[in-house]
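Engineer: What follows is the residue order along each chain.
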Amino acid sequence: MRPIAVLVSVVTLIAALAGIAWLGGAPATKEPVKASPQAASDKPQPRQQGPHPKAVIPETTFNFGVMQHRSKGSHKFVVKNEGTVPLKLQTGQTTCQCTIGKIGDETVPAGGETTIELNWEIKARNPSFQHQATIHTDDPEMLQFDLVVKGYVGLDIVHTPEELTFSAMSDLRPSKGKVFVASSSSADFKITKIDASSDHIKTEVTTVPENGRVDFYQQVLLKHPDFSKDNVPVSELVKQVYMIDVAATGQKKQGSFNETITIHTDIPETQPIVVTIRGENPGAFQFFPQGGARWYPKELMCDLGDINGSEGRKRALNVIGRGVTEALQLTVIKVEPAVLKVATIPDPTNKMACKIEFEIPPGTPAFLRTPDAPATVVLKSNHERTETIELKVVFNVQ
Amino acid sequence: MTPRRERRNEMECLMKVRMKWWQTDGVLNGRYWRTCARLILLAVLSGCGGASTETTNNQPQEVSKPKVEMISSQADPNKNYRQESFKDWPQPAMVLAVTGEMHGYIEPCGCSEPQYGGIARRASLLKQLREKEWPVAALDLGGTLKNSRQQSQFKFQALLAALRDMQYSSLQVGIEELRLGAGWLVSQDVPPDDGKQTDGLRMLGANVVLFGSTELPTPVRQQVIQVGALKIGVTGVFGESLREKLGSVDTNEISISDPAKAIESALTVINNQKPDLRVLICHGTLQEARKLAERFTSFNLIIATTVVEEPLTDNPEQIGDALLVATGHKGKYVAVVGYYPQEEKRKFRFDLVKLDGDRFKNDAKMIEHMQFYQDMLKDAKLLETEPAIKHSSGDKFVGAAKCGECHTKALEKWTESKHSHAFESLKTGRLGISRIYDPECICCHTVGWNAPDVLRYEGGYLSEIKTSHLKGVQCESCHGPGSKHIELIEQDKKDEANKSVRVTIAEARKRFLCESCHDHDNSPHFDFEKYWPQIAHPGKD
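Quick mapping for you: the protein sequence lines, in order, are chains A and B.
Using numbering that gives the first Met the number 0, you'd call the opening residue of the first sequence number 0 and step up by one each time.
Using numbering that gives the first Met the number 0, you'd call the opening residue of the second sequence number 0 and step up by one each time.
Simulated from the structure, these hints should not be mistaken for laboratory data.
Treat the hints with caution; some may be incorrect.
Unchecked claim - Here's a subset of chain A near chain B, in silico, CB distances under 10 Å, partners left out:
(1) D194
(2) I266
(3) T269
(4) Q289
(5) G290
Even for Gly, the Cβ is constructed at its ideal location relative to N, Cα and C.
Please construct the entire structure, taking both the sequences and the accompanying hints into account.
Structural biologist: Listed below in structure tokens is the structure:
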């Protein structure tokens, strides 16, 4: 063969290969096309007819035991194919803070096996964790399976509850609550100081004995139904616990209470713990409307709304008397105008409660009472703090 | 001749034969040149075909993750509840949409990218279900809030209004709701005008008694709700298992009775109305819910709390003929249960729907509620009225401009960073709603707040007018209040001055300083090594 023929052949071949490489691989200048989202059909699809692969996963849940907050973990799960044809695997969704590291082999040969690695990080300051990943397959008997890692979290310092709420404070007696402070890393940490934002807050610290730590962890902190089955030693999770008794006195006869305590410890690299203490001293009485009435607490005003005069209507106000020593009694001593009928009905089952019933009798002519010119109802009470209650009532009889 | 030699001769013969077709008398013929041209053309066409299917723009390609529809995940092929998005369901007689344990996340949780959840998307899902002309009942397990501060009260009010607009029937009172206080809770439930207790959204709690009185309209013990042609009886209990979590609530005001007895009474009332389906909402642990399901076998559906944020496994659980369902935390999911009474083997279908932004657009009405919520926070001047705490240093905040009088290079670097625009980003914000009056947002986007506890330090940011110099994430957000530092500099005590504010990179890493704001709920992919270079700055000029 002549050299020129060889040369031309070689040049042709090189040109062909270069053309493929250049046009197929080189950057284009046109706008990028977004990868279209994969539809459900992109999951591995089982064959129309057998034989089929058979996915077998000896372990789908791995209990790591105890991990420290901010630590990372990984675990490899084994997936076997006990079928007679290859098994396809595809990663699906994972929960937050969990990623699928590697699938050893996305197509598992018949009789073979592969591993799937899950990686996770403990970011949330929760006493337990559970992360999982979903894997899709073309095994018609197991189109997907979940791999789960779970365990418990050691926290260098933790407190519970995060806030104290006193819904019914009184200036006559303290409201009490408890705050627990615990550590999984330090067995001998100390609470060095507690700062209260108000003189109306008193605190007292006691150490929870060792035999009380399990109860604390299970009853107070964790509430995990499987904890006792997992045989995790509490000593790994709680090395020391303090209980702080908090007593707060509402300094006003009526109003809100909004203070804090700051708990300082000697655990290094930790910030002081701030616990908010909120409460309400709602006063001697609370009123709750019923059956269409509306209540305006600041104005002590009840709105009976629109009432058909020929039919008449009843509306009610439930009254709760706080701190009563005997059954609450309310007696009507004045109602103006007389067109409004008022009755009080004590609750025989609850000494704190009494109902005030307002009635516009049938056949009442049109009558209007507004917030500027309300009807007035005066009641006498046997509450030690408040002898009389004066209510405003508005309504529109049509 | 050896076989090998024979084979070689054979190949040489073949090559000679093959070589012949392009030669005519030893000269390259036209056929040869045509063949070459064809080869080149083929190569060109192949190359073009490859180019049109690839995406390049001199930038790293991001392949979007497969958008797998979230479906119930059961490995056991014999279980009935798996692998079917509700969009593939046949027409059900009724659908129950179940939510719970929202823990204050009225907006999508920032714990993942993309983010999931939020009431605006939830409303969109419910709308999709109703547009299919499926009768829908919506129920909530409770646990709607994160804490019981005044901000939570406003959030609860906005949420109640939102739930009413979404046509929810029931909201079980849970830990967080009861911590708001009996009096406040009752005042939020304005009963319907005609006195009927069953229509519209009602707060539920068969074993919860407020002020020792069963006369109060809240909570109701049970409901019978008409859903399409069917009636469902719903009751709810606060679990014994979670009683400890109530903490310091006054037992004169809030008492929790035996759940089992309360359920018995509620069932008596429900059964009188012969409902087609019975639902138990148990604001208690799964364990407790299982026991109640085993005892009260007439319930078809039980809803319970879970310790797992995303209950993708063993959900739902079959207890006898009933389904036990968990919804997860932070409002990321809605458990959708379809009811098919005519089907013998498969009366229920289940889909734990993840509220992503692709399938579920933001509902306009919910955006109004979120705006109203922010308006309430603004009107209440919450930033100023909530208590402030003392900073452990006892020092005061001075603002970046003051720091920049000496540290000009650091100030310049800060001005170029996103930190300096953190306040403005709250103004424009998500969905066009400004959040500059929201403590939960301000605590990380301004100076002078204890971000993890959402508490203001004394002297910390209050408002644009009073503390405009503390907008954005500034020097003192990491270095602490600077008043002492300035004082010491003025006294020429430079070493002490430096010590008072110095934070080395090692210390920042060790103390997880950045993570006080870049936490897993707001910055799930935070990596100190990648983020630090964006704000790295010199100390002294």
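Engineer: Take the hints in turn and mark each one as holding or not.
Structural biologist: Quick rundown of the hints versus the structure:
With a cut of 10 Å, the hint placing D194(A) at the interface with chain B holds, because the nearest CB-to-CB distance is about 7 Å. Below 10 Å, beta-carbon pairs count as interface contacts, and I266(A) has none with chain B, the closest being about 12 Å; its hint is therefore violated. Hint status for T269(A): holds, given a least beta-carbon distance of 9 Å to chain B, under 10 Å. The beta carbon of Q289(A) comes within 6 Å of a beta carbon in chain B, closer than 10 Å, and the hint placing it at the interface holds.
Checking G290(A) against chain B: minimum C-beta separation of about 4 Å stays under 10 Å; hint holds.
When held up to the earlier numbered hints, the structure conflicts with hint 2 and nothing else.
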